[in-house]
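Residue numbers (this note's numbering): 41 to 344.
Be aware that one or more of the hints could be misleading.
Said to hold, decoys possible - Restricting the straight-line Cα-Cα distance to at most 20 Å, the calculated cross-link-like pairs of lysine-lysine (PhoX-like) are:
hint: 1; residue 1: Lys-168; residue 2: Lys-117
hint: 2; residue 1: Lys-168; residue 2: Lys-106
hint: 3; residue 1: Lys-106; residue 2: Lys-117
What the hints contain is simulated information worked out from the structure, not anything from laboratory work.
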Amino acid sequence: MTATAASPVPQTPSRADLIFWLIVALGLVVMYVPTFSNLISGIWGTDQQGHGPIVFGIACWLAWRKWGAMWAASENKSPTALGWPVFVFGLLLYVLGRSQAILLFEVGSLIWLLVGILLLTRGSSALKAQWFALFFMVFMVPLPGPIVDALTMPMKMAVSYVAESILYGAGYPIARSGVILQIGQYKLLVADACAGLHTLFTLEALGLLYLNIVRHDSLVRNVTLGVLIVPISFSANVIRVMALTLITYYFGDEAGQGFLHGFAGMVLFVTALLLIIAVDSTLQAFVRPKGGDSKREANGVVGI
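Construct the complete structure from the given sequences, taking the supplied hints into account.
If you want it as structure tokens, here you go:
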């Protein structure tokens with residue numbers, strides 16, 4: 041026989057609270073509609089930054105998913121004045137980014153403003169409840185071009201080298217010159233969208249989202265899987281380049297650059313997700329969660 045301890049009833053926002061948050065939301069919409077309009081008609085329409093709106097949508101869903109828990113955790117907690125410098129810093133970033141067309145500042149300011157608003161209205165407990173949704177927004181912030189170019193070229197070189205080595209070992213007539221692969225009579229340029237920094241960022245976001253949803257009890261398992269996301273992302277990029285190379289070799293250049301090229305992008309993310317799940321399942325065999333009974337007692341379930 042078991043007895044289950046009654047859990048506290050979660051608090052819900054009052055009508056005044058809802059009106060206040062509606063005003064805050066409208067203010068942010070007025071500020072950032074021009075920003076997001078420029079993003080949608082600009083870099084978010086490119087292969088390199090196409091993940092931006094998806095990341096933003098997922099971040100909004102994560103925030104909504106945690107809204108009830110945030111409200112309950114911050115109930116009867118005092119706001120903190122530390123939110124003011126954060127809020128002012130976010131406003132300055134927005135003004136500077138908007139006036140000087142610096143997307144890193146303009147888009148990134150939204151995260152700082154949200155952090156400041158949470159601290160000023162609900163306190164640090166609310167920020168703690170929403171930290172992952174805010175952190176996830178980092179992956180939608182456009183990076184400066186010089187930094188992307190400086191980091192993308194070594195990554196493309198590494199992906200090209202590994203893809204060439206594997207295919208050459210498998211007996212294919214392939215050679216490499218920098219980031220150009222020649223297989224048979226075809227030459228393929230490993231583009232930024234295939235093995236660039238933005239692709240790595242997108243796959244990192246996918247892996248961290250998986251970690252957040254699965255929520256393992258073992259810290260070692262979470263940390264290990266988080267670290268392994270980087271080589272997993274690299275491996276998924278190699279598989280994509282190899283797939284496009286073989287498609288071009290067997291079906292011609294039109295197939296490699298047509299529908300199958302876009303389909304290979306979907307294969308990239310499916311491959312990365314399958315690799316993450318496979319590595320996670322392997323870790324499960326070595327890392328076992330402890331304290332199952334104590335957890336049940338902590339949740340209010342006691343055996344009699």
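Query raised in the report: For the pair supplied as a hint, Lys-106 and Lys-117, is the alpha-carbon distance within the 20 Å limit?
Result: OK: Lys-106 and Lys-117 at ~17 Å, within 20 Å.
Query raised in the report: Taking only the CA atoms, is the gap from Lys-168 to Lys-117 under or equal to 20 Å?
Result: holds (13 Å)
Requested in this report: Measure nothing beyond the straight line between the CA atoms of Lys-168 and Lys-106; if it is 20 Å or shorter, mark the hint as holding.
Outcome: holds (10 Å)
Checked against the numbered hints given earlier, the structure satisfies every one of them.
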